[in-house]
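2 protein chains.
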Amino acid sequence: MMEVPFDRRIVDDVLQRMGIANIGDATIRQSVAVSEEIERLTGTKFVHFEMGSPGLPACAEGVAAQKEALDRGVACVYPNMSGITPLKEQASRFIKAFLNVEVNAEGCIPSVGSMMGTFATFILCAHLDRRKDTILYIAPGFPVQPLQAKVLGYKTEQFDIYHYRDEKLRDKLESYLSKGNVAAVVYSNPNNPTWVCLTEKELQIIGELMTRYDAIAVEDLAYLGMDFRKDLGKPFEPPYQATVARYTDNYILMLSASKIFSYAGERIAIVAISDALFNRHYDYLQEEYGMGTLGKAFVFTILYTLSSGVSHSAQYALAAMYRAACDGKLDFVAQTREYARRAERIKAIFCRNHFHIVYDKDLDQPVSDGFFFTIGRRGFTGDRLLHEFLHYGISAISLRPTGSEQEGIRVCTSKVAPDTYDILDERLRIFDRNNPIT
Amino acid sequence: MMEVPFDRRIVDDVLQRMGIANIGDATIRQSVAVSEEIERLTGTKFVHFEMGSPGLPACAEGVAAQKEALDRGVACVYPNMSGITPLKEQASRFIKAFLNVEVNAEGCIPSVGSMMGTFATFILCAHLDRRKDTILYIAPGFPVQPLQAKVLGYKTEQFDIYHYRDEKLRDKLESYLSKGNVAAVVYSNPNNPTWVCLTEKELQIIGELMTRYDAIAVEDLAYLGMDFRKDLGKPFEPPYQATVARYTDNYILMLSASKIFSYAGERIAIVAISDALFNRHYDYLQEEYGMGTLGKAFVFTILYTLSSGVSHSAQYALAAMYRAACDGKLDFVAQTREYARRAERIKAIFCRNHFHIVYDKDLDQPVSDGFFFTIGRRGFTGDRLLHEFLHYGISAISLRPTGSEQEGIRVCTSKVAPDTYDILDERLRIFDRNNPIT
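For the protein sequence lines, the chains are A and B, in the order given.
Counting along the first sequence from 1, when you hit position 257 you're at 257 in the numbering used here, and nothing is skipped either side.
Counting along the second sequence from 1, when you hit position 189 you're at 189 in the numbering used here, and nothing is skipped either side.
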């Protein structure tokens, strides 16, 4: 075991050997590799804040249903491209139960994780109107989503929401939309990495502008139900998950099973397309793909060519988890509340040692505790803080690659076990002593 | 039960209601829908030749391993992007055992079926060299592969191999490659839809040209081992599956689990990249994606943004099936030989009723019996034959959308149960009587 801070040379050597000039530029997986290598060399365990993986076991209802489906022989049968009927029906019911929004089963389509959901949706949105060729990201966000557009060769725009909350969001959004080239607006709610939750008013602004400028809101609900300031876990009872779907027909929702049911390993999500969009005809889509109806083109051209469907057995798993949640037998919100409990403790440790929450409020309310939060230190850029933390056995990711213009780092609470709190507190105390705020 | 031929109006009404002007233009899934609707209206079962789905149960070794993995809790853990270690190792071993080719485990990467394998590979190949922007398809082929390029907005070329076998293939290929814009050459072997098997000499020609013009052979081995004229099912013993990998370093192989292990439902395949390509640096790739090494860019940029990995439990299934096959405990070639037995019987019924095999030979040898074959009728275009067959309770797909310039239809043997042979014979006899060859 080495004392913190570690010998400068150890960290510098590892970064140099891995060809990383600036740890703030490393991908999440590179950050993991760096911290694991330093762990090996120092014999000292890191506190891992970098990985956004579930820290809970997979929902048992899903595992049981998936095994049953395998026993019934689904592995040899190509899954229906639109999704198996029980999954579509339960997905529609789940959206009614927890969002209080009606989406036909037809428009609830499985994808290989929300990763494929957004990839496919970006292709779709770029082929609806010849003039609309740009994806607008409300940042900060999951950095892989702009990367998807880059892989596809599509144009992107983004802005940091930090200074544009509430009514200010309208003018900012309109400054892009009024150019007439925006096909889709992408955001996550609750937000990765900041845990900012857009208010119903902000979602109403987005919805109204989507209708006015005929763009599509791509709402990533990976952390559905995890605004723990309210109890969003009672099916068919308010309060409900906030959503743009109340304010426009131009929406496509991403419902990943990875975090809400801790089912990341099996790569499954639902893409929910509003009834109006699903049935809408687009001349440009017809011209480009020979299939003019949005829902049909999405399923039979785009999703078909991407993977020819989604794991047959995992579809049964997700159907069973939705059913159990709607029946009130699986309180997924109560299960994931564990992340909020961890966040509360970890935030307290940081604040006690003179760090601050960067994205601290939704208007006048402190942000919810949850899966992620953001940390800054006066006098430190995010990148420098990250680099310095490597010497203290703490690993995270910088806010910069998420599209944030604020200085800080993202802390993920999911993998931090309670027995790490004392170690974290000790390391931050040493950091605080060595780097006094002036 | 209606007698064949059915009343003209029934078939015409169904096609009109489904908006299908020409059944030869229908997708496979539309063809299924048409025949099922006519079945409903006539009360008469079709002989289904259209769907290329496995007609055998999934390999038990895979199902057992997948369930065990779920029991061990893999559903909550994001799968490693490069694939789990046992799968990579067994895939490398499988390629050695059945192709007698060495590919490092590192270059054996799971994808969500070969569908995603080719989609991702087309993106990769289009970003290696700024001048090389075109995918060349050796037709006929799986029509969805050119559709993938269309979805991506990439340029394509294709030619029908019918008149270009053996040494003639060299000049034909060179006429495209010499333009300098071909990034990749795509073909399947055995071939869907014709069951043509390229000879080692033809593969050598392709390989040599790939090296000379620095293009990549994308070899789809969906039906690996199914040239049943030889026994390709003994691990580590000749004869081996024919492959271009013997003749160039510029290859990427697609090994789907859908047909060889009847595992289509779980959407898993291996993309095997040659060691030389995997480690090769491309300036244009570096420029476009910020990651210049082919293997790394493929995994961490392209596959990552497509689906963030492949079903964790299905990876264990495939690892177990590869292991069993390499250990000589699972003779997947013997199992799939059932398709050849069906093909032999069905071909005999067609020929007895004066139909002919369209793609009938590999040079001087009759094509193997297997999963697919092609049928023509003197005096009929493929589209007209297909349309006429609807009145006889027979459903298939036209060769035209597969890129063939020959007149005929594709027959898939997988779903045809032996108790259908007499019905087929009777219907073809009536057809033959009603449509005498002049």
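Keep in mind the hints are simulated off the structure, nothing from the lab.
A portion of the hints provided could be inaccurate.
Remember, identical chains collapse to one label, so a pair may be satisfied in a single copy or spanning two.
Said to hold, decoys possible - Dumping the calculated DSBU-like pairs for lysine-lysine here, alpha-carbon to alpha-carbon at most 30 Å:
#1 K67 x K329
#2 K45 x K329
#3 K201 x K45
#4 K347 x K67
#5 K361 x K296
#6 K67 x K168
#7 K296 x K415
#8 K45 x K361
#9 K230 x K150
#10 K296 x K150
#11 K45 x K296
#12 K201 x K67
#13 K329 x K155
#14 K45 x K168
#15 K179 x K150
#16 K234 x K150
#17 K96 x K155
#18 K179 x K45
#19 K234 x K179
#20 K296 x K155
Bear in mind that the values here come from a model prediction, so they are computed numbers and not experimental data.
Comparing the hints with the structure gives:
1. K67 x K329: Intra 20 Å, inter 24 Å, cutoff 30 Å: intra and inter.
2. K45 x K329: Answer is neither; intra-copy 38 Å and inter-copy 43 Å both fail.
3. K201 x K45: The answer is neither: 44 Å in one copy and 57 Å across copies each exceed 30 Å.
4. K347 x K67: neither (39 Å within a copy, 39 Å between copies)
5. K361 x K296: Neither. Shortest intra-copy (41 Å) and inter-copy (39 Å) distances fail the 30 Å Cα cut-off.
6. K67 x K168: neither (50 Å within a copy, 52 Å between copies)
7. K296 x K415: between (40 Å within a copy, 27 Å between copies)
8. K45 x K361: neither (32 Å within a copy, 64 Å between copies)
9. K230 x K150: neither (37 Å within a copy, 46 Å between copies)
10. K296 x K150: Both: 25 Å inside a chain and 16 Å across chains, each within 30 Å.
11. K45 x K296: between (51 Å within a copy, 28 Å between copies)
12. K201 x K67: neither (43 Å within a copy, 46 Å between copies)
13. K329 x K155: neither (44 Å within a copy, 52 Å between copies)
14. K45 x K168: neither (44 Å within a copy, 64 Å between copies)
15. K179 x K150: Both. Shortest intra-copy (21 Å) and inter-copy (28 Å) distances satisfy the 30 Å Cα cut-off.
16. K234 x K150: neither (39 Å within a copy, 45 Å between copies)
17. K96 x K155: Result: close neither inside a copy nor across copies, 34 Å intra and 43 Å inter.
18. K179 x K45: neither (51 Å within a copy, 57 Å between copies)
19. K234 x K179: neither (42 Å within a copy, 64 Å between copies)
20. K296 x K155: Both: 25 Å inside a chain and 24 Å across chains, each within 30 Å.
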